[in-house]
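Visitor: Line by line, the protein sequences are chains A and B.
According to my numbering, the residues represented by the first sequence are 185 to 1307, in order.
According to my numbering, the residues represented by the second sequence are 59 to 553, in order.
Because the hints were derived from the structure by calculation, they are not lab data.
Note that this is a predicted model, so its numbers are computed, not measured.
Heads up, the beta-carbon is just placed ideally off N, CA and C, and yes, glycines get one too.
Watch out, some of these pointers could steer you wrong.
Cβ pair distances, simulated, as ranges [to be verified]:
#: 1; chain 1: A; residue 1: Ile1114; chain 2: B; residue 2: Thr329; range: 29 to 35 Å
#: 2; chain 1: B; residue 1: Leu280; chain 2: A; residue 2: Ile1006; range: 54 to 60 Å
#: 3; chain 1: A; residue 1: Pro1179; chain 2: B; residue 2: Ile482; range: 37 to 43 Å
Covered stretches of chain B, going by a simulated chain A footprint (3 or more residues, C-beta under 8 Å) [what the hints assert, rightly or not]:
#: 4; region: 137 to 145
#: 5; region: 216 to 224
#: 6; region: 228 to 236
#: 7; region: 398 to 408
#: 8; region: 462 to 472
If you want the ones that stay clear, here's a sample from chain B, every Cβ over 12 Å from chain A, calculated [what the hints assert, rightly or not]:
#: 9; residue: Thr80
#: 10; residue: Leu249
#: 11; residue: Thr267
#: 12; residue: Arg271
#: 13; residue: Ile389
#: 14; residue: Gly412
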Amino acid sequence: MPSMNGTAQKSALGATGKLGLPVVDQHSALEPRASEALAHGTRKLSGKEYWRSLEEYSQTPEFMELVEREFPALLEDVITPQNRRSFLKLMGASLALAGFGLASGCRRWPDEKIAPFAHRPEGYVPGTSVPFATSWDLGGYGRGLIAKSYDGRPIKLEGNELHPINGGRVTVAGQEFAAGTTDAITQAQILSFYDPERSRHPQERQFEAGTERVGVLGAPRTMDEFKAWARPYFDAMANSRGSGLAILTGASSSPSFADMKRRFAAKFPSAAWYEWEPISRDNEIAGAELAFGRAFRPQYNFANADVIVALDSDFLLSHPAALKHARDFASRRRDPQRGMSRLYAIEGTLSVTGSNADHRLAVNTRYVGAVAFRLATHLDASGVAGIGTTGGVEDRTDEISLFIQALGADLVASQGRSIIVAGPRQPAEIHALVHAMNAALGNVGQTVSYTIEPEYERQPHADSIRALADAMHDGSVQTLLIMGCNPVYDAPDDVNFPDAMMGVPTSIHLSLYDDETSAKCNWHVPAQHFLEEWGTTRAWDGTIAPIQPIIEPLYGGLSWSDMLALAAGDASDGYQIVRRWFDEEIGGDEAVWRTMLHDGVLVNSVWPVEESAAVGDWWSDIDIRSLSRGWAGSGYELIFAQSASIYDGRFANNGWLQEMPDPIGKFCWDNAAYMNPATAEKLGVGAHDMVHLGVGGANGPTLKMPVHIVPMLADDSITVHLGYGRWRAGHIGDGVGFNTFVLRTTDAMHFTSAVVEKAEGSHALATVQDHHSMDARTTRESTQERLPQIVREATLAQFLDNLEHGAGAFHDPAHHEHHLPIVSLWREEKFEGADHHWAMAIDLNSCIGCSACMIACQAENNVPVVGKDQVMRGREMHWIRVDRYFRGDPDHADIAFQPVTCQQCENAPCEQVCPVAATTHDAGGLNVMIYNRCVGTRYCSNNCPYKVRRFNFYDWHVEDPRKDGLKAPSLTIPDAAHAGAFEGGNAVKKLGMNPEVTVRSRGVMEKCSFCLQRINQAKIDLKNQWMTDRGNGWPRIPDGEITPACAGACPTQAIIFGDLKDPNSRVSLLHRDARAYSLLEELNTKPRNKFLGKVRNTNDALSAHPAGAGSTGDTGGAGGEVH
Amino acid sequence: MTSIPIDRPLAVPADNTYDDPTRRAPLIVGGHDFASLTDAVCAVIERPRPPRAWYIAFGISVLTLTMLGAMIGYLILTGTGVWGINIPVAWGFAIVNFVFWVGIGHAGTLISAILFLLRQKWRTSINRAAEAMTIFAVICAGMFPGIHIGRVWLSYWMFPIPNQMELWPQFRSPLLWDVFAVGTYFTVSLLFWYVGMIPDLATLRDRATTRTRQMVYGIFSLGWRGANRHWHVYERAYLILAALATPLVLSVHSVVSFDFAVAQLPGWHTTIFPPYFVAGAIFSGFAMVQTLVIPARQFFGLRDIITMRHLENMNKIILVTGSMVGYAYAIEFFISWYSGNVFESFAFINRAFGPYWWAYWIMVSCNVLSPQIFWFKWARTSIPIMFVVSILVNIGMWFERFVIVTTLSSDFLPTSWGYYTPTIIDILTLIGSFGLFFTLFLLFCRFIPFIAMAEVKGVLPQAHAHGAGTPGFQPGRQGSGAESPTSPARGKEHH
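Turn these sequences into a full structure, and let the hints guide you.
Guide: Pasting the structure below:
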């Protein structure tokens, strides 16, 4: 009744109903309709009452209905009169509940004081994140990052879209967008940054001359004390121009550090510089030098390559430019209709690259070179001029020859559109040969280009560490300054670095942790983490990127440049060192500097292509027979591989990385000797058995370690990963796995002949797949039977043929399986009114299995680490996992990766069985988990066919992940357990939590939410945007605005997220793609995630070859055709 | 162990297991009359001290019960992780034990309600103990869903209690159905048990020699005087409760089976589960009755009342239900093959030949093979054989639930497959639940008449004044209290 005038009515308001609702006098003079409405009222009005409308006034049936609809719960309690009985019922229940709730009601919260901002800093909005561009350097190659910071705390790292290694334009479903990608190691750096066990203060240690430097406790010092010692110490050295001073650093690409080095060297010209990286590309550099006369660095463009040959190369994962390679590689795999590249891999181990190959030849690593030569010979004979090999083509029909013939034909047919790439394990000559082959095939300038290789004249790392150790043994090193690296742990066994340390009177170690090397040095000085220092990096292609401090150093510490400045008496701080370099070498005004900081890259810093790179007359100097150690060798070969998670061991104290399953082995918290089933059988070992590995003859080092059986490895090739078995890594990393560095010598840094025999004992590995079922025949057979349904794949030819004939993409005429129409027991939710239908698509063709998504998710969603013991009990917590399947018989298997996260079923089986409705759907169709409501029946997990739900069996955030066995009652918060080892550990760890995501308590189920917090952030941003420029209607969230953590990190952008309501969004297009299928769709779960099936671009000439045949045999299979 | 001295020595039990159709076998042997029967049963309670065996058993039981308390305390303080459960096997011993104990309870209700409605008079000697077993088994069962959840202190959220959050349970979840089914079952069973006990409690009250006994039994006998009107109302109430309890025998384990059958896991998602679970429950329940009754009749001198014929009848039921269970196992296999579903067929092959093959074959040999010996009368009437078989069946039925629950270990995606290994806490909790059960049962033996005296008297020949040898107490059929037999309590008074 809008016409009614409130004041006019006041007089009419007399009585008040029992509940305070106004009642009207029936005889008031009102307009007819109003009085009709009021006629329903029954009560008198008195006094001052406010009312909203006459209907409300009179409690008409319409109004009552309205209220009932709006507040259904009020109907009983408020609108109908209260009575004593209902009051007592409610109160009784409330009191009963209060009694029940004693456990929670009487909880004591810690007494904490907070200090709010009296004056908020300008531009700071509490609770919002601020991105900063930065970069970091791993092994001498820069990666560009965006650090997301909340309230001054970095909590998440993303790839910088503008950085050529980490970012670039990606086209998915015909739509181009910018992507910034990262790998798992980069994602985990947040945890390392907040590691409570990072060194917090300098440590001074005294040793008696000439003794083993063990068992001597150091004294903690302050940084000022160290500086007070260091300044006069280095000043005194200035007179001798630094003779007797040796400086050992890890590799660094930083131009500003190089600048600081030059300044330091100017003051101490006699100081000797050494560089050591356990994982080194020295063979590649030497090979390029051999081929070109000086080293050039090859820049590959896999996006233009039709045929790729990886000779023992893991260019997709273990390469400084792997992220770019993966992105480019995926661009030619993503869209089979537009032509796919074909990847051949020839290797002894099973690398991630090899596992993505269309055709793979498993040969011992020592024979890869021989295969390369035969390939070169074959190319030569096929009329590809300019390689310069001599000798006829051998007319053999063995497996290798067939492979080479097919591969050779493919290469000849794709001249200028192919890439041959050799891995760092292969000797220099093979790299030179590869450069020659690439040149002969016309690839240079097309798919391969060359840029300078900076500092290529430096000693190879193995030689460098040997030279240093020799100098130390000689006694010619008076002062040793070590920055970054950890040679006591990872130097080759034969240089005997710990012994060499005894000959050095004064040693200083600058490092993040008080580690193995620190323990043998007179001084340990904490280093700054890259998130708290000033610096620069240079990427594989030369791009310069700044390192900006996102946060004040947590524990003080020095950067490498700071240390040199301190020693050189240079008063510049970190910022000044970088700025000085910038002003002097780059120049340009403040705007250039600021742009560099803002963008995270320096414009035009990419090295120009060296057109002059031409393969010289290198062949004449080579004696094929002496090319590589072990070509003629036989017996077992031992291959050293970098760990996909902890790299060379420097990240050993990072729980996320320790718990990241190896992409191939699928176990975590360990390393093992990988061997194929035939080799294991020959040795008489099975899973969990131990072997003795011995190298270098009878007196050489040996190591006893567990066996892990992996199909697809070459016979007699045993792969071991580096970086495990540390003893001063910290609480997390100590004693995890087996130290394979003891088997490494300077003359066999990459692979070597080994003596292998079965050893006593056993060692259980924490596998996250195939718990206890590896050996069972029935389970293996059943896996093979259901695999075509789970991971759908076809060869390119089959796929295109099926498309042409209108059949399903994975339809296989050999398998006609139909099932009854799917009928739901429940009324199915259609989500018709929803603004968005969030969905995901995961492209199995692009996924390379690198596991970056797992760690990105862990960082974003505060996913806890549970430890080896709990992983062995099947309690790992990863919200997204990468399933790995071997297909076919173990000798000629194929491998497929499938990232599995919550499928966000529209018809979710988990929801129906939860007795307390803790998991339900939101309006956007996402299956959400209400942690507060969950009581932990775990029924949802049982009923989840994808087994993606994770349960907090303990309060993981206060549990010690390294403690085995049954847990003690967690009555005391285990900060006490950490006391001594790392005080206040939990307090520091808390800083790294993402404040947008609940930290789950004990007894609660959790799972992937498609990064709901990011979805909501985008919505909030959109609403704020709309508030400022309203009037243009309600905008839609643009496609690509929301990126879940896994999708953002994915190096190949195999994971795409978006809104199905937008028919042109990438995810909508992908869901309509011919390759799209739902996992286990016959269960009628209606997942919001769809997988895009795998298509292998096999070579017909090799399809009879078992390695290829496995992928063509029974594609499609059950469920391939759904009606 | 010597038998209990009572008023007069028991005659060696006459054989009442003959199969001569011309002669109705007596239900009670040993020439008992009302008074001697009352004496025999009440002696167990009224003797100053129970036999030493009782003390030993009770001591062990209480210790075991204490251990259960410690295990639960440790669990609640530490977390569900102290058990062996994991993902994918998120349910372990707790749910196995829950289903096992609920199943045990079924025999009691079947004996007391269904056999009552079916006029099976032989039930009278065993129904009290069987019902007690039901109550205690359901108590043991009910404990497990409460403690198995992750946040035990919030277990009341599974009940529909009005609350300020306006949150209600989710009625599509079988776990919630469990709450109602087991809750109802417990309530009705308890009432049924108690109502049936009132006349006997009055007998004890009347025979009481101490003030305390008189008071306590007096309160619980609700003023029973054995009046005709009392008998009339009592019999009506008993009949109604029997009628109420009867569908529960079928419904409770059907609902429990829905926990599995409603889920869509291969090996769980089968329509055979409800009948198969009910058959299994009765099977295991009768086995447990045997396990309890065989020593009890020995120690308490009740061999005349719980006769060999009773035991033989129960063995026949064990044979029938055991065969039904075996049939269900076979049909499950057949259907999994017949369905052509790879997941389904693997689940069953994996049960038999996968990592849990040992559990499966323990189950089959105990449940299907061991009762087959009861085809032979000599086995049905042999105390050692039936005792061993009853234990084997209990073990087998526990393993049946174990096999079903661990089917979780291998579902759809092979990458998620796991293996469940119980921890010591799991095992001690299971043992502890037996401590709870036996503590309650031993207290029952000591303080409550083990035999439903009033009902047994009703089937004595003496109860039927005009038809010698035709037992008379048939409350369901008798229209008026006037035809009721003399109240046993009153009979005692006259005596």
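Visitor: State for each hint whether it applies.
Guide: Status of the hints after comparison with the structure:
no., hint, result
1, Ile1114/A to Thr329/B: 29 to 35 Å, "holds, 32 Å"
2, Leu280/B to Ile1006/A: 54 to 60 Å, "holds, 58 Å"
3, Pro1179/A to Ile482/B: 37 to 43 Å, "holds, 40 Å"
4, 137 to 145, "holds (count 8)"
5, 216 to 224, "holds (count 6)"
6, 228 to 236, "holds (count 6)"
7, 398 to 408, "holds (count 5)"
8, 462 to 472, "holds (count 6)"
9, Thr80, "holds, 56 Å"
10, Leu249, "holds, 22 Å"
11, Thr267, "holds, 41 Å"
12, Arg271, "holds, 34 Å"
13, Ile389, "holds, 21 Å"
14, Gly412, "violated, 6 Å"
Violated hint for the displayed structure: number 14, the only one.
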